[in-house]
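Trainee: Chains L, C and F, in that order, are what the protein sequence lines are.
Note that the working numbering numbers the first sequence so that position 53 is 53, with each residue one more than the last.
Note that the working numbering numbers the second sequence so that position 600 is 1600, with each residue one more than the last.
Note that the working numbering numbers the third sequence so that position 296 is 2296, with each residue one more than the last.
None of these hints come from the bench; they were simulated from the model.
Do not take every clue at face value.
[As the list claims (entries may be wrong)] According to the in silico footprint, chain F covers these stretches of chain C (three or more CB under 8 Å from chain F): (1) 1247-1258; (2) 1290-1301; (3) 1313-1326; (4) 1588-1601.
[Said to hold, decoys possible] The list that follows gives simulated cross-link-like pairs (lysine-lysine, DSBU-like), each with its CA atoms no further than 35 Å apart: (5) K255/L to K2010/F; (6) K253/L to K2432/F; (7) K2193/F to K2322/F; (8) K1625/C to K2085/F; (9) K253/L to K2322/F; (10) K2098/F to K2010/F; (11) K2193/F to K255/L; (12) K2085/F to K2392/F; (13) K2010/F to K1584/C; (14) K2285/F to K302/L; (15) K48/L to K64/L; (16) K2432/F to K48/L; (17) K2246/F to K253/L; (18) K1255/C to K2392/F; (19) K2392/F to K161/L; (20) K2232/F to K2322/F; (21) K253/L to K2035/F; (22) K2193/F to K2098/F; (23) K15/L to K2307/F; (24) K1625/C to K15/L; (25) K2432/F to K2035/F; (26) K136/L to K2010/F; (27) K1596/C to K2307/F; (28) K302/L to K2214/F; (29) K2382/F to K2392/F; (30) K2050/F to K2107/F.
Backbone N, C-alpha and C define an ideal beta-carbon position, used for all residues, glycine too.
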Amino acid sequence: MPIEIPKDKWPGSIKAVTIGATAAEGGTRAKSITIGGQNTMPYLQFEKPTPNTPVIAIEIKSRKPEDWSPLLEKPWGEAMADPAEWAKKAEAAGADLLVLALTLEDTPDSAVKTVKAVLAASGLPLVVWGPGQAEKDNELLVPVAEAAKGEKVVLGVCEDKNYRTIVATAMANGHLVEARTPMDVNLAKQLNILISDMGLPMDRIVMDPTTGALGYGIEYGYSVMERLRLAALQGDAMTQLPMMVTPGFEAWKAKESKVGEGVPEAWGDWEARAVNWETLTAMALVESGADVVVLRHPESVKRVKAAIGELMAA
Amino acid sequence: MDHSITFTTADGSTRSVTVPTGVMLAEAAQRAGVEINQPCGGQGRCGRCAVQVAKGEVRRRSTLRLSAEDVDAGWALACQSVVEGDADILVPEQEKIERRLTTDRTAAEVQVPAGYDYAADQTVRRVTLSLSQPNMDDQTDDWSRLQTALRLQAGIENLTVSLPLLRRIGAVLREGDWTVSAVVDSAGNRLVELEPGHRSPDEPLWGVAIDIGTTTVSVWLVDLVSGQVRAQVAEYNGQIARGEDVISRIIYASKNGGEAEMRSRVLDTINSLVERACKRVKGAEPGQIVKAAISGNSTMIHLLLGIPAASIRLTPFITAINTIPTMNAREVGLVINPEGVVDCLPGVASYVGADITAGVLSSGLDDADNTTLFIDVGTNGEIVLGSREFLVTCACSAGPAFEGAGVLHGMRATGGAIEEVWINGETFEPTCRVIGGGKPSGLCGSGLISLLAEMFLTGVLDKAGNVNLTLPTPRVRQGEHGPEYVVAWGSETEDGRDISITRVDVDNLLRAKAAIYAGFSVLADNVGMPLEMVEQVLVGGSFGKYINVEKAVQIGLLPDIEWNRFQFLGNTSVRGAYLGLLNKDSRQRIDDIAGKMTYIELSADNSFYDAFMSAMFLPHTDMDKFPSVAAALNKP
Amino acid sequence: MALSGIQIYKLLPQTNCKECGFPTCLAFAMKLAAKQVELSTCPYVTEESKTQLAESSAPPIRLVALKAGTEVKAGNEVVLFRHEKTFYNKPGIFVRFKASDSGIAAKAAAAHAYSVNYVGMDFVVDGFAIEADGDLGAAVKAVRGATDRPLVLIGDAAAIEPGLQACSGETVLIHAADASNWEAMAALAAKYKAALAVKADTLDGLVDLIEKIKAKGVEDLVLDFDTTQLGKWLAMSTQVRRLAIKQNFRALGYPVFAPAYAAADEGIFAAEAIAKYAGFVVLDKFVPENVYPLLVLRENIYTDPQKPIQVQPGIYEINSPKPEDPVLITTNFSITYFAVANEVEGSGLPAWLVVTDAEGMSVLTAWAAGKFDAERIAKAVKGFDVASKVSKKRVVLPGHVAVLSGELEEELPDWEIRVGPREAVDLPAFMKQALN
């Protein structure tokens, strides 16, 4: 007697979220991307096909970053000093989405100028991060949101102590927000509730439950993502959002990637190890339910993209 | 179409008004010139506008705060009821409404347990003896003479006696001209007191039931003959000056001389309370108190007795002693009769002490047919789940916020404390009820719960507890301690300063309620029992008498189940001590409870932490667990 | 299905006799439910209860152990997701050699010698696979000269047998029985008491083979899905785990073999295999920069999630601090760390954050339990050599442990001790106002 394949039937699904708007949709993107929509644990196509392919974002900065590993300067080179050039190179490297990180040196004017330049240089949908300080984030993101009105940009990041201003400007200008919480299922859900209580529709929120790098707490991020996905499938509306995580940022912070000298011989070749660190961090998160992974090295992009392709093809 | 509405007020006067279909009763009343208070601004949340429909019918949009029986009896919320036909409306006196909404959920006054029989149940008793006078032929010594009288006249044998009392015997016998009253502890076979002369059998024999809470100490003065509680007094524990929580106190005690200081601080508190209680009762004096039953958490008992408590806080959390032998007041340091019997009730573990075993006794949980949850809300929240078949317990650190401590304008539930608050959802103006009715001087636990619920429901707080500073009212402001909401302006308060609640206070309250909610939900999980299957919830704690269930549910302190499954017991620890003080069978039951209670350590895995984080939200991250609150929020 | 504490309690005598060493029967029942104590500890349990309890505790996935000088175990797992309890037996990571390779002994010696330290633990390669593309007997001997760790032998029955003869007395995994060769492989496994990998690309195919092989008396089986396609492998591995755990389907209750050596991107496939239920992972070759991340990933995924969430104790740099910037102290409970780090990071103020080993407890809990006291803080400050990084010898204590400042002054005599705010949210203001 043939075995009955055990299939879970879930009452809930992840919301499909569309980032970026084409001319027809009121923006200027070459195409928009849609993520989410799943009704199964990651890539269990035998239960139900995964409706939207998870995507890869490449992180670029408004100014040449001082603290990035020299290994990252090799592939990006001079383009790192010019966000528009960088954006083009990232697109060529296989990015589906761009993450533009503003810095503390930015002024509202320079931020708007950079965002416009990046939007002009590449047709990819865009995520814009403030520099990560509440006041500065609000100061920069509001004019950016106004300048990019209609583009369906993802504005980040909203945190539990600073979400009102960013959510308000996202609502006023037709954008999305990234809701970031520190590796806890409940905190993630709570921030989604706070944001949706302000009236932003759920399909304009992408949640970032945060992760650690391989060796630096990835297991917490991994399990939080699995738990969020399970809760969503079980019907918890406040967790039914696509997830965006930053394995590139985390992995390139790790000593294993950052440092080439004075490390144990057992760690092996620096460059190959560094790319492995980012790739495996991303891969584990893809397996636990990431819809967007933000990466830094083109080789990692290539490998993770191929893996997602294989997972989607089954 | 127009309808005629007639209002009859408490003084019997009537006023009529004609209004069209669709007008709210509250508005009709206003047009008729009848005043109905609406502290919540007509949002159907406070229930203070309840009126009774005597004739005709109205359409009730919402009956929140009214039970099905209330509605059957014609009650309706004036602000939520629409006129659709002629009607006669009774407007009750405002005060009565208030009482009607709260009294049915409060504990009754202390009643003497049914069938209390001093002679059969009590371990100490007083007997009057007439001794034969000594003479040259009968040169029996005083002590033997007394023993003989005890044996022949009261059937008491083999008593022991302390040296100080022995020193007084001769004088007492002669002063009473060989008629004396002896107080005897039959459990310890010890002579406790000897007084000259004859005593009436009805004359009170004094005992005290004491609960040493981390934050509050309570003392009940009890007449052991009638069983009646004659005075109840409470005060903050004097140890607070050396730390708000048990851990600080243990650490303080374990350092240079701290143990002696902690002991004397709590003794000072108890002794002054005993004195205060005696002053309230004519003829009672501390020196006449012959028995004390003491309840309290394990740390409090250790500190009272001067037993090192350091091991309580360190893994694997071991007490020096759980079951404490009976002692006399002199050695313990209680200023009552120095020979008085001091009975410290037994605990179970470091964080489940006598307060809980006594609490379980007074709640009757150990004899319940149905699965019952008992929550003792104190600085340490202790929780017991079970029935006659089993008892499991856990403890969680809630902090002293619900006792009014650790909150900027917090205070105990005494005169001047704001015990209930309503906030108008449009103007954000509060209305407060103050204990004793005078000017407010602070907020007590029930006031804080009520305030938190109102701030949340009116949007003064978001669900994470952030104060919304963008509201158009001067009551929300950036204060000295961060964002805050002003509950009473200085011009309205007792001491002339503003009474406010700060973001930090809110955090403390959230933590306290989250710890308790997480505690009982994890305990229920541990034994595989969904909360909905709990058939009865008993709530104890020093504020338990005054708590408003609806608001406690709205902030997520108590589970959202039918209100009739809740029962509020007040301070169950002191009540358990009282029962143990009176009746030796009850006292035995406390020992049995301690023996069969299973303690669950919440820190064994992550489930408590998860449950805690989930509860650190208003009312809870999982709104499905709070359908009635969701309904209240979704109202237009 | 595993029984809950209350269900087990009902099968116990309920006398609270304390002879088992627990205060009540219920306490004992809950320990039993958590599999932390043996039922035999109760002297009074009835035979009937014993039978009932034994049934509920049989593992749904067979434990398969490969043994030589060391041992590699797989199976006995009880959950689908690590947060539900934990994953117990880390998948063995093996490196494959070829029998035809003349340098096999040297390669084995190098791989055997490999050891890498990760947060105080030394990781090694667990065992080795040898593909029988040449004289396997000689190859096994050569490898055995270099290492005593367990072996996997890959090839057909005839080629494998000399290898098995060369390592008799060990428990080897032989790979693999399929529809065409199962009889010979089963006979070999039975003869040499080897574990046997069973290969088919459908669950029905696997069950069919397993039934036949079990009939030949071979019990220690390992499943190979005959694919390295990521999506298909994930689906089959998930189905097998689900059948075993949720339906107690014993016919497929065996550990899973992951042939990473055959995958297009070995690292990626091995990562999926580690995350998704593999019992044995075999890599194509020994390359440290590939092996190290996989060993770390395995450690992370198999960390017990019920233990408090911790961050690595150490000194953390926030916003690129300079020597004159302040030194803040906190514990290694991850939420506490994040609260502090995020507040300071968000403020843009540079600082050194010293994270002490408080066994994963928050400031107050650790202090209460004696895991965050002056002695431990001083040890961290000295151990992480904070003095060499800063010009101003001053540390900021969390406000909740203000009480420790006096003792800390004694422990760190040449340091200035400052008491900071109780809540992380107040740190930036404190740093701006009080620390200048």
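Trainee: Against each hint, give a clear statement of whether it holds in the structure.
Mentor: Status of each hint after checking the structure:
With a threshold of 8 Å between beta carbons, the proposed coverage of the stretch 1247-1258 of chain C by chain F holds, since 3 of its residues qualify and at least three are required. For the stretch 1290-1301 of chain C, the assignment as covered by chain F is violated, since 0 residues bring a beta-carbon within under 8 Å of that chain's beta-carbons and 3 are needed. Here's how the stretch 1313-1326 of chain C fares: 3 of its residues keep a CB closer than 8 Å to some CB of chain F, so the rule of at least three is met and the hint holds. A count of 6 residues in the stretch 1588-1601 of chain C with a Cβ less than 8 Å from any Cβ of chain F is obtained; the coverage claim is therefore met, three being the minimum.
Simply put, K255/L and K2010/F have alpha-carbon atoms about 54 Å apart, too far for the 35 Å limit, and the pair is violated. Proposed proximity of K253/L and K2432/F is supported: the alpha carbons are some 27 Å apart, at most 35 Å. In summary, the hint linking K2193/F to K2322/F is not supported, as the alpha carbons are separated by about 63 Å, beyond the 35 Å threshold. A threshold of 35 Å between alpha carbons decides the hint, and for K1625/C with K2085/F the separation of about 24 Å falls inside it, so the pair holds.
With a C-alpha separation of about 19 Å, the suggested pairing of K253/L with K2322/F holds against the 35 Å cut-off. At most 35 Å may separate the alpha-carbon atoms for a hinted pair to count; K2098/F and K2010/F exceed this at roughly 58 Å. Between K2193/F and K255/L, the direct Cα distance comes to roughly 45 Å. Violation of the 35 Å bound is thereby established for this hinted pair. The suggested pairing of K2085/F with K2392/F is violated, with an alpha-carbon distance near 46 Å, which exceeds 35 Å.
For the given pair, K2010/F sits about 31 Å from K1584/C by alpha-carbon distance, which is consistent with the 35 Å threshold. Taken as a hint, the K2285/F and K302/L pair is honoured in the structure, with Cα atoms around 22 Å apart against an allowance of 35 Å. A C-alpha spacing of about 44 Å is found between K48/L and K64/L, which places the hinted pair above 35 Å, so the restraint is violated. Of the pairs offered as hints, the one joining K2432/F and K48/L is violated, with about 55 Å between alpha carbons and a cut-off of 35 Å exceeded.
For the proposed pair K2246/F and K253/L, the alpha carbon gap of about 40 Å is over 35 Å, so the pair is violated. Using a Cα cut-off of 35 Å, the hinted pair K1255/C and K2392/F holds, with the two alpha carbons roughly 32 Å apart. A threshold of 35 Å between alpha carbons decides the hint, and for K2392/F with K161/L the separation of about 32 Å falls inside it, so the pair holds. Pair hint K2232/F plus K2322/F does not hold up; C-alpha atoms about 52 Å apart against a cutoff of 35 Å.
The hinted pair formed by K253/L and K2035/F fails the criterion: a straight-line CA distance of about 40 Å is larger than 35 Å. In summary, the hint linking K2193/F to K2098/F is supported, as the alpha carbons are separated by about 23 Å, within the 35 Å threshold. Distance restraint check for K15/L and K2307/F: the Cα-Cα separation of roughly 33 Å lies within the 35 Å cut-off, and the hinted pair is therefore satisfied. Only pairs whose Cα atoms come within 35 Å are accepted, and K1625/C paired with K15/L is accepted, the gap being roughly 23 Å.
With a C-alpha separation of about 52 Å, the suggested pair K2432/F and K2035/F falls outside the 35 Å cut-off, and the hint is violated. Between K136/L and K2010/F the alpha-carbon distance is near 61 Å, which puts this suggested pair outside the 35 Å criterion. Proposed proximity of K1596/C and K2307/F is supported: the alpha carbons are some 29 Å apart, at most 35 Å. Taken as a hint, the K302/L and K2214/F pair is broken in the structure, with Cα atoms around 44 Å apart against an allowance of 35 Å.
A threshold of 35 Å between alpha carbons decides the hint, and for K2382/F with K2392/F the separation of about 15 Å falls inside it, so the pair holds. With a C-alpha separation of about 52 Å, the suggested pairing of K2050/F with K2107/F is violated against the 35 Å cut-off.
When held up to the earlier numbered hints, the structure conflicts with 2, 5, 7, 10, 11, 12, 15, 16, 17, 20, 21, 25, 26, 28, 30 and fits the remainder.
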